[in-house]
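Engineer: Sequence:
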Amino acid sequence: MTENNILKDFFSKDEPRNGMTIFLTFLVAVVIYHASVFWFVLKDDIQSQFDLENYTIDFEENSFVYEDSRVVNDDERVTLEFSAPNEMFESHNGFGILFVDISYDETSGELQDRCDTVSVDLTPTGVSAVWGHENNVLSAMNSDCETMSLVLYVFPNYNGTSLSVAGNDKQFWVNEWMDSSHGQGVFELDVEVSVNNPPGSVLPTVSDSGEEVNVSWNAVFFDAIVE
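Those letters in the sequence shown? Residues 172 to 398, per this note's numbering, in order.
These are calculated hints, taken from the structure and not from any lab test. Computed from a predicted structure; not experimentally measured. Beta carbons: idealized from backbone N, C-alpha and C, even for Gly. Check each hint, because a few of them may be wrong.
Unchecked claim - Computed Cβ-Cβ distance ranges for the label pairs, DEER-style:
#1 E252 <-> N306: 22 to 32 Å
#2 V242 <-> V308: 42 to 52 Å
#3 D229 <-> F197: 55 to 65 Å
#4 E277 <-> G356: 29 to 39 Å
#5 S262 <-> E398: 13 to 23 Å
#6 L309 <-> A337: 32 to 42 Å
#7 M312 <-> S335: 37 to 47 Å
#8 N257 <-> N306: 43 to 53 Å
#9 S262 <-> A337: 24 to 34 Å
#10 N385 <-> D350: 26 to 36 Å
#11 N257 <-> T227: 56 to 66 Å
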């Protein structure tokens with residue numbers, strides 16, 4: 172029997188053709204059913220596995236303030252030190268920013284005596300902090316008795332503003348903002364005074380040999396709140 176005769180015999184019979192039609196119809200129905208289950212029943216469940224949870228991180232700040240003062244003589248350079256207490260590290264997530272305000276007044280009592288020149292430097296030490304932060308203010312100088320303000324960012328990437336993040340869970344993001352190593356140790360502030368004499372005076376008077384410099388250390392700690 173030739174190949175043409177076999178094909179002719181096959182397609183000439185109704186029973187095999189009807190069986191093939193039933194099989195193909197069943198196959199199409201199965202495909203449509205599974206597609207329907209995927210798109211209308213399981214689509215949301217599958218998609219949800221790839222969706223990332225969104226969180227907002229807010230920061231609650233608490234400050235520790237320490238006041239200090241020192242009489243600095245003419246052309247003298249002194250160093251004032253500050254360390255944040257362990258209790259602050261133990262009760263908060265991290266040490267965020269250190270603010271230092273330096274103030275002084277002309278105290279000679281001489282008529283027309285000008286404010287002395289005071290220069291201050293927050294010198295890098297072994298304390299873990301972001302010493303190279305672009306918004307740091309680590310030194311200042313003036314001769315007008317105005318308060319000078321220094322700023323040191325201590326905790327990496329911390330600036331006090333809220334953040335929006337996605338993925339992981341709440342505890343993961345809380346842990347990201349918990350590290351007591353930053354800010355541990357001694358900060359050093361160098362202060363130098365140069366006396367400015369009253370007009371017409373050649374040498375400093377007895378009452379104007381230096382100035383009392385007042386320093387306010389403000390250590391800002393934070394706690395991360397993830398919602």
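Engineer: Given the hint of 32 to 42 Å, check if L309 and A337 actually sit that far apart at their C-beta atoms.
Structural biologist: Given about 35 Å between the Cβ atoms, the range holds.
Engineer: Does the beta carbon distance between S262 and A337 stay inside 24 to 34 Å, or does it fall outside?
Structural biologist: holds (29 Å)
Engineer: Do the beta carbons of D229 and F197 sit within 55 to 65 Å of each other?
Structural biologist: Distance hint for D229, F197 holds at roughly 59 Å.
Engineer: Between the beta carbons of V242 and V308, is the distance compatible with 42 to 52 Å?
Structural biologist: violated (25 Å)
Engineer: If you check the beta carbons of E252 and N306, does the distance land in 22 to 32 Å?
Structural biologist: holds (24 Å)
Engineer: Range hint 37 to 47 Å: satisfied by the CB atoms of M312 and S335?
Structural biologist: Holds - the Cβ-Cβ distance for M312 and S335, about 40 Å, lies within 37 to 47 Å.
Engineer: For the range 29 to 39 Å, tell me whether the beta carbons of E277 and G356 fit it or not.
Structural biologist: holds (35 Å)
Engineer: Given the range 56 to 66 Å, decide if the beta-carbon distance of N257 to T227 lies inside it.
Structural biologist: This hint is violated: roughly 31 Å between Cβ atoms.
Engineer: Lying within 13 to 23 Å: is that true of the beta-carbon distance S262 to E398?
Structural biologist: holds (21 Å)
Engineer: Could one say that the CB atoms of N385 and D350 fall in the range 26 to 36 Å?
Structural biologist: Since N385 and D350 have Cβ atoms about 32 Å apart, the given range 26 to 36 Å holds.
Engineer: Look at the Cβ atoms of N257 and N306 and judge whether their distance stays inside 43 to 53 Å.
Structural biologist: Hint violated: Cβ distance 27 Å, outside 43 to 53 Å.
In summary, the structure is inconsistent with hints 2, 8, 11 from the numbered list given earlier, while agreeing with the others.
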